[in-house]
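> We have chain A; now place chain B onto it with these hints.
Which chain is which? The protein sequence lines are A and B, in order. This note's numbering numbers the first residue of the first sequence as 5 and each following residue consecutively. This note's numbering numbers the first residue of the second sequence as 254 and each following residue consecutively.
Be careful, since some hints might not be right.
Said to hold, decoys possible - Derived, one-sided and incomplete: chain B residues facing chain A with beta-carbon distance under 8 Å:
id: 1; residue: Leu557
id: 2; residue: Pro577
id: 3; residue: Arg578
id: 4; residue: Leu594
id: 5; residue: His595
id: 6; residue: Val598
id: 7; residue: Glu600
id: 8; residue: Glu605
id: 9; residue: Leu609
id: 10; residue: His612
id: 11; residue: Asp613
id: 12; residue: Ser618
id: 13; residue: Leu623
As the list claims (entries may be wrong) - Here are a few chain A residues that sit away from chain B, every Cβ distance over 10 Å (derived from the structure):
id: 14; residue: Leu82
id: 15; residue: Val96
id: 16; residue: Pro139
id: 17; residue: Ile306
Note that these hints are calculated values from the structure, not bench results. We put the beta carbon where it would ideally sit given N, CA and C, even for glycine.
Now for the letters of each chain:
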Amino acid sequence: MIPYKWREHLTMSEFFTLPVLVLTFASGVRFATPYLLASLGETVGQRSGVLNLGVDGVMLLSAFFAYWTVLETDSRLLGVVVGLGVGILMGVVYAIVTLIFKAEQGISGIGIFLFGLGMSELLFLKQVGTPRGIPSFDDLKVPLLGDIPHIGDMFFNHSIVVYLAVLLVPALTIMVNRTTLGLNIRAVGESPEAADSLGVSVNLTRTVAILIGNGLAGLAGAALTIELGTFQNNLTNGIGFIAVALVYFGAWRPLGVLAGSLLYGLITATVTQWKTLGIVTGAAASFTTMAPAVLTVIALAIIARRSADQPAALTVPFSRDG
Amino acid sequence: MEMTDLMLEMKGITKRFPGVLANSDVDFNVRAGEVHTLLGENGAGKSTLMKILFGLYKADEGSIHFEGKPLVINSPAAAISAGIGMIHQHFMLVNTFTVTENVALGLHTSDLVAVRKRLTELTETYGLDVDPDALVWQLAVGERQRVEILKALYRDARLLVLDEPTAVLTPQEVNDFFVTLRQIADDGRGLIFISHKLHEVMALSDRITVLRDGKVSGATTPAETSRQQLAQMMVGRPVKLAPDKPEVSIGQPRLTINNLSVMGDRDVLAVKAVELSVHGGEVVGIAGVSGNGQRELCEAVAGLRMPVAGSVSLDGVDVTAASPRRCRSAGLAFVPEERMLHGAVAEFTVNENLMLLNHDSEEFSRWGFLKIPALRNQADHLVGHYNVKTPSIDTPTSALSGGNIQKLIMARELSSKPAVLVAAQPTRGVDIGAAEYIHERLIAQREQGTAVLVVSEDLDEVMALADRVAVMFEGRIVAVIDRADCTVEGLGLLMAGADPSSN
Chain A
5 MIPYKWREHL TMSEFFTLPV LVLTFASGVR FATPYLLASL GETVGQRSGV
55 LNLGVDGVML LSAFFAYWTV LETDSRLLGV VVGLGVGILM GVVYAIVTLI
105 FKAEQGISGI GIFLFGLGMS ELLFLKQVGT PRGIPSFDDL KVPLLGDIPH
155 IGDMFFNHSI VVYLAVLLVP ALTIMVNRTT LGLNIRAVGE SPEAADSLGV
205 SVNLTRTVAI LIGNGLAGLA GAALTIELGT FQNNLTNGIG FIAVALVYFG
255 AWRPLGVLAG SLLYGLITAT VTQWKTLGIV TGAAASFTTM APAVLTVIAL
305 AIIARRSADQ PAALTVPFSR DG
Chain B
254 MEMTDLMLEM KGITKRFPGV LANSDVDFNV RAGEVHTLLG ENGAGKSTLM
304 KILFGLYKAD EGSIHFEGKP LVINSPAAAI SAGIGMIHQH FMLVNTFTVT
354 ENVALGLHTS DLVAVRKRLT ELTETYGLDV DPDALVWQLA VGERQRVEIL
404 KALYRDARLL VLDEPTAVLT PQEVNDFFVT LRQIADDGRG LIFISHKLHE
454 VMALSDRITV LRDGKVSGAT TPAETSRQQL AQMMVGRPVK LAPDKPEVSI
504 GQPRLTINNL SVMGDRDVLA VKAVELSVHG GEVVGIAGVS GNGQRELCEA
554 VAGLRMPVAG SVSLDGVDVT AASPRRCRSA GLAFVPEERM LHGAVAEFTV
604 NENLMLLNHD SEEFSRWGFL KIPALRNQAD HLVGHYNVKT PSIDTPTSAL
654 SGGNIQKLIM ARELSSKPAV LVAAQPTRGV DIGAAEYIHE RLIAQREQGT
704 AVLVVSEDLD EVMALADRVA VMFEGRIVAV IDRADCTVEG LGLLMAGADP
754 SSN
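If we strip away everything but chain A, and leave its shape as in the complex, we get (with noise of 0.2 Å):
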C-alpha cells in the first residue's frame, strides 16, 4: 500500500509528496464513512429532541452482527441489511425508554453503550472465539469521475457504502428543509408545545427520528467491520461519541456534519500515516494519536458556542402537563 519503504529518519518532506498526499487523503475519506453515517443519523434524532449517547453501542451490535452474518452468508449484502435492522431494533428499545418511560437521555444512552459493548463482546466469544477475516466491500470506480488524475483516486474509487454516506447528506438536508416529516421533526424538535396543539404526534415524530438515527447509527457498525474486513471487542473504539460531537461541531446540519467528519478522517489519515512513516515515533506517536480528540474539543469549544442552531427542547421530554 505504501509506496515509501519505512527508512529512519523520515523528514516531513517526504509526507508532502503528490503520492503520499493522495493516499492520505483517500485514506481519510474511507476513515471518514462511519462516523459520517452514525453522525447524520444523530442530527436527525437530536434535531427532533432526542439526545442519543448509545450510537457507540449501536455500532457496535450492529457491527458484530454484521461480522456474523457475512461470515456465516458470505453476503455482505445481508450483513449490510442485519446492521441495519439491529440498528432499528435498539432505536425501537431507546424510543421506548426515552419516550414511554421518559428516562433521563444522557444516563440512558450511556446504558445503551455499555449494553451494546458488552453484549458484542459476550456474543464475539461465544458464537465467534477467534477473529477470522471476512471480505471487504469492493471499490468501485465512478466512471470518467474516477479517471481525473489523483482527485479520481482520493474521492472517486471507494466503496458502495462511502457513496451511499455522502449522498446522505443531500437526503437528509432535502428531508429535514423540504418534507413534511423534516418540519415535524424539527418542530418537535424545537417546540413539542406548538407541535402537539397543531396536531403534530410529539412521540410518533420523535420515533420516526430515532429509527433513522439508530438505523444509520446501524449501517455504519456495518460499514466499518466489513470495511475493516474483521471484527475485535470495542471495534469502533469511540467513534459513536465523537459522532455525537461531530453532530454539535457541524450546528446539527447534514453540510456540517459531512464537513466534521471528513476533517476528522483526514485528520486520523495524518496521524496513521505519519507513524506509518515513522515521522513521529515512540512517545510523540501516542500523542499524535490524541490529536484528532483534542482538535476536535477545541473545534467544538470555539465553533459549539452557537447554542442559537441547538434544537430548543433537545434531551426535554415531552409530556402534557406542566
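Leaving out everything else, chain B in the frame of chain A:
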C-alpha cells in the same frame, strides 16, 4: 412650579442604542405626594427610562435630580439606598422564607424580632394586610405584591416605581390596591405607575406622561383627557377602543360543552361540571381571574387535556378526549394563551410557522415533499392579508414583536376557516394598535358564522368583544350574562366569587 416641589426631575434624557433612539429628550418628573403614570406601548422607551433612573443604563444626554441633588447611582442596590424602590412585575421573593425573612434579606441584620416589629407597624400604617410569619409560597398573589411594597417601604423608599402592578390582581383587589397606593402617596412619597390599562390609569393618576417612539407624546392629567385621547397619544393615530359590532344572525350551537370536568396540573379538579354552548356567529367571552380553570377548559376543548367527565362536541361531532389533530379536523382553531410556547415555534421562520397547520395537505405537499412555491405564496398572502409586520417571510419568528406574532398565529388559525375558534388571552402583552386589529378580526369571524370563545382577564376586552359573558370562578361557570346586562362592577363581583343569586 418651583424646583423644590419636585422629588425627581429627569431632564432632556436621551439614550441611543445602535440603530435605535430609545429615549429622545425626555422630560419626566415626580412631585412628593403624587402618582405620576408613565404610559406607552411596548418599546416606547418606558423601561429604558426606568433603567436609566436605576443606573442600569447611562443616559447619553440629560440630567437627573433626586430630592434636589444630582442622582449618581449605578445599581439597583444603590437606588434602594438612595431612597428609590422598584416593585417588579415578577416578584423577587424567596418562596421558602417567611414574610419577615424576605423583608430582612439583604439588610445585614440578624435581629428578626426588630424587623418583625417594624414590619407590623408598617402593615398597620398603610393597611397592607399580610401575616409577617407566613411563608411566601402560602400567600396569594395579591399578598405577595404587598410584601414587595413592604420591602421597599421598610427601606424607606421615598420614590416607588410600580411596573404593571395590577396585571395579577382582580378588579376588587385593584380597588383596594389603589386605596393603599393613594395612602402611600399621601404620606409624602412619590409614585411612578407604569401601566397600559387605560381605565386604571384614569382612575389612579395625578398626572400622566405618554411616551411614543422614545419621545414624550403627551403630558396631561385625567381631568383633561380621556381614554380615547390617551390611546391616540400612545399609538399616534385615532384608535377604536371597542370594535364596531354589526348585527349578525345567531346560528345553531357549534361548540357544545356538557358537564365537563378537567383535572389541573396538580391533580385537583380545575374545571368543574361546565355547561356552555357557543352558537355560530356569536362571541362568548369568559371572564375570570387567572387560574380559575380557564386555561384547562381551553386545553380540554383543544384536545390537549383529558377531561375526567362530560363531553365536548364541535358541529355535532363528539371530540371528547380526542387528539388535537382530530379536534382540528372537526373544525377547531385555537389561539393559545402562551403564544410563544404553544402557538408558534420561536426558532422557525414566519413561513414555517404559517405552514405548520396545513403543510401535509394535498395542496401543499406531494409524497411527503413540500411544495415550496405554493407554501411561500400562502405565507406572502397571509402576511399581507393579516397585516403581519415582518421584514420577510424568512425572518425568524422570535424577531417579531408580540403583536405581530399574535397576528401570525391568528392568520394561520383563521385561514383554516374554522367552525369554532377558541382564543385565550388574544391581546395580552400586545400593543394597542395590534390589539385593535386582532379585535376586528375576531369580530369579523361572527360574520363567517364561526362560534368564537374568547378567554380574557381584561374585562374591557371581554365587554368589547362578547355577545354573552360567562364568568368563571374556581372552575365553575357561575353566571352567563347577555352583554347588554353586564356591568364591570357586577362582573367583578362574580369574578371574586360573589353569589350570583344575590346579585
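> If a hint holds in the structure, say so; if it doesn't, say that too.
Status of the hints after comparison with the structure:
Given hint, Leu557/B at the interface with chain A, holds; its Cβ is 6 Å from that chain's nearest Cβ, closer than 8 Å. For Pro577/B, the interface hint holds, the least distance from its beta-carbon to any beta-carbon of chain A being 4 Å, beneath 8 Å. Hint status for Arg578/B relative to chain A: holds, with the closest Cβ pair at about 3 Å, below 8 Å. Residue-level restraint check for Leu594/B holds (minimum Cβ-Cβ distance to chain A is 5 Å; threshold 8 Å).
With its C-beta approaching chain A no nearer than about 5 Å, His595/B sits inside the 8 Å limit, and its interface hint holds. Taking 8 Å as the C-beta contact cut-off toward chain A, the hint placing Val598/B at the interface holds, the least distance being around 4 Å. With its C-beta approaching chain A no nearer than about 5 Å, Glu600/B sits inside the 8 Å limit, and its interface hint holds. Hint status for Glu605/B relative to chain A: holds, with the closest Cβ pair at about 7 Å, below 8 Å.
For Leu609/B, the shortest C-beta to C-beta distance to chain A is roughly 5 Å, which falls under 8 Å, so the interface hint holds. At a threshold of 8 Å, the smallest CB-CB gap from His612/B to chain A is about 5 Å, leaving the interface hint in force. Contact between Asp613/B and chain A, as hinted, is supported at the beta carbon level, the nearest pair being about 4 Å apart and thus within 8 Å. A cut of 8 Å between beta carbons decides the hint on Ser618/B: the least distance to chain A is about 5 Å, and the hint holds.
Taking 8 Å as the C-beta contact cut-off toward chain A, the hint placing Leu623/B at the interface holds, the least distance being around 5 Å. Distance to chain B confirms Leu82/A as a non-interface residue, since its nearest Cβ pair spans about 29 Å, more than 10 Å. The non-interface label for Val96/A is consistent with chain B: the shortest C-beta to C-beta separation is roughly 22 Å, beyond 10 Å. Residue placement check: Pro139/A keeps its beta carbon more than 10 Å from all beta carbons of chain B (closest about 37 Å).
Its beta-carbon lying about 22 Å from the closest one in chain B, Ile306/A satisfies the requirement of being farther than 10 Å from that chain.
Of the numbered hints stated above, none is contradicted by the structure.
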